[in-house]
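Chemist: The residues making up each chain are set out below.
Number of protein chains: 2
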Amino acid sequence: MEKQAKNRDTVRAWAQLHRASRVQLEHVEAALRQAGLPPLNWYDVLIELYWAEDARMRQYELSDAVLLPKHGISRLIDRMEADGVVLRESCETDRRGAYICLTQPGEDLLRKMWRVYGPCIDATFSSKLTRAELRSLQKILPKLADR
Amino acid sequence: MEKQAKNRDTVRAWAQLHRASRVQLEHVEAALRQAGLPPLNWYDVLIELYWAEDARMRQYELSDAVLLPKHGISRLIDRMEADGVVLRESCETDRRGAYICLTQPGEDLLRKMWRVYGPCIDATFSSKLTRAELRSLQKILPKLADR
DNA sequence: GGTTTATAGTTGCAAATGCAACAAAAATGA
DNA sequence: TCATTTTTGTTGCATTTGCAACTATAAACC
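Protein sequences appear in the order of chains R and G.
All residue numbers for the first sequence refer to the working numbering, where the first residue is 1 and numbers rise by one.
All residue numbers for the second sequence refer to the working numbering, where the first residue is 1 and numbers rise by one.
Any given hint might turn out to be false.
No distinction is drawn between identical chains; accordingly, a pair holds when it is met within one copy or between any pair of copies.
Distance condition first, Cα-Cα at most 25 Å in a straight line; then the derived PhoX-like pairs of lysine-lysine [as the list claims (entries may be wrong)]:
{"hint": "1", "residue 1": "Lys139", "residue 2": "Lys128"}
{"hint": "2", "residue 1": "Lys143", "residue 2": "Lys128"}
{"hint": "3", "residue 1": "Lys112", "residue 2": "Lys143"}
{"hint": "4", "residue 1": "Lys112", "residue 2": "Lys139"}
{"hint": "5", "residue 1": "Lys139", "residue 2": "Lys70"}
{"hint": "6", "residue 1": "Lys70", "residue 2": "Lys128"}
Simulated from the structure, these hints should not be mistaken for laboratory data.
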């Protein structure tokens, strides 16, 4: 099992990548929960919609953007719609699906979450890295991020 | 929301960290599933036991090593024990808990999983990075990995 | 046009995860 | 010694996730 010296470093870096990600996410999720706010994937959806043309997207677009399988998105949107932060609006040009639209309460929630999320990134992430390290990550990580 | 130019880079790196991790893990999980093997966290437990003194550990040690809450470990071990790859062996010096021991079938499974897992790391991870980038990650990521 | 194939989304069911409450043993400390 | 607090682990319940099967519409192909 990963005994060859050649691979040692590789595997170590691999493991640290996932450990770093998990540790960081745990912090944020804990902070959100403690603030009585929904989990991070709500934020992911809200910010995508906020950035989108007309503040609306199809589910397959969201699915791609937030890396969630279609059935995962379907149910996430169910919950978010029930909470009033998004809205399903029928799509004229493709009657299989609908547009998911950001509502005003949704935008409010987005801001409220960011007020917890943002500082959390500072505290557990940026404050631990130098400017150069940050740039370095920015150069390297995208290579690992395409599916 | 994350509009200040100062933070732009930071947030981008943050997002890429998690995207990279997710994308990479998806590949491995898919490969394992396709090979009819259990999920990655089984491997994490097995390899920890394999490395451990006497090939056994307490649950709280595992919990710490694989970043799973204690109740998560408890049930994961339930499943793994039912499958025969680990064993709960009573602990004389502390009768609250038990030692979790690696069995021979467990070691076999470990090897079988590594034959899928290892090549997967090469294909989706190391092959996309230069030696220098790998070293760079190894220097930076640990800073983000302590709880 | 009409048939086939691909795409978008939903749903049922099983499995996994999170949270909180709990039990039991160990450590602490008066 | 005996009461209190901490640590270790389990369990019940609700929520979430994953997988597979399904519906409905759109696109592609003759």
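Chemist: Within, between, both or neither: how does the pair Lys70, Lys128 come out at a Cα-Cα threshold of 25 Å?
Modeler: So Lys70 and Lys128 fail the 25 Å test inside a copy (35 Å) and across (28 Å) alike.
Chemist: Indicate which option fits the pair Lys143, Lys128 if close means a Cα-Cα distance not exceeding 25 Å: within, between, both or neither.
Modeler: Cα proximity of Lys143 and Lys128: in one copy and across copies (22 Å, 6 Å).
Chemist: How would you classify Lys112 and Lys139 at a CA-CA limit of 25 Å: within, between, both, or neither?
Modeler: neither (31 Å within a copy, 35 Å between copies)
Chemist: One pair to classify: Lys139 and Lys70, alpha carbons no more than 25 Å apart. Within, between, both, or neither?
Modeler: For Lys139 and Lys70, neither the intra-copy (30 Å) nor the inter-copy (37 Å) Cα distance is at most 25 Å.
Chemist: First find the shortest C-alpha distance between Lys139 and Lys128 inside one copy, then the shortest across copies, and answer within, between, both or neither for a cut-off of 25 Å.
Modeler: Classified as both: same-chain Cα gap 18 Å, cross-chain 12 Å, threshold 25 Å.
Chemist: Is it within, between, both, or neither for Lys112 and Lys143, if the alpha carbons may be no more than 25 Å apart?
Modeler: neither (32 Å within a copy, 28 Å between copies)
Comparing the model with each numbered hint stated earlier shows that hints 3, 4, 5 and 6 do not hold.
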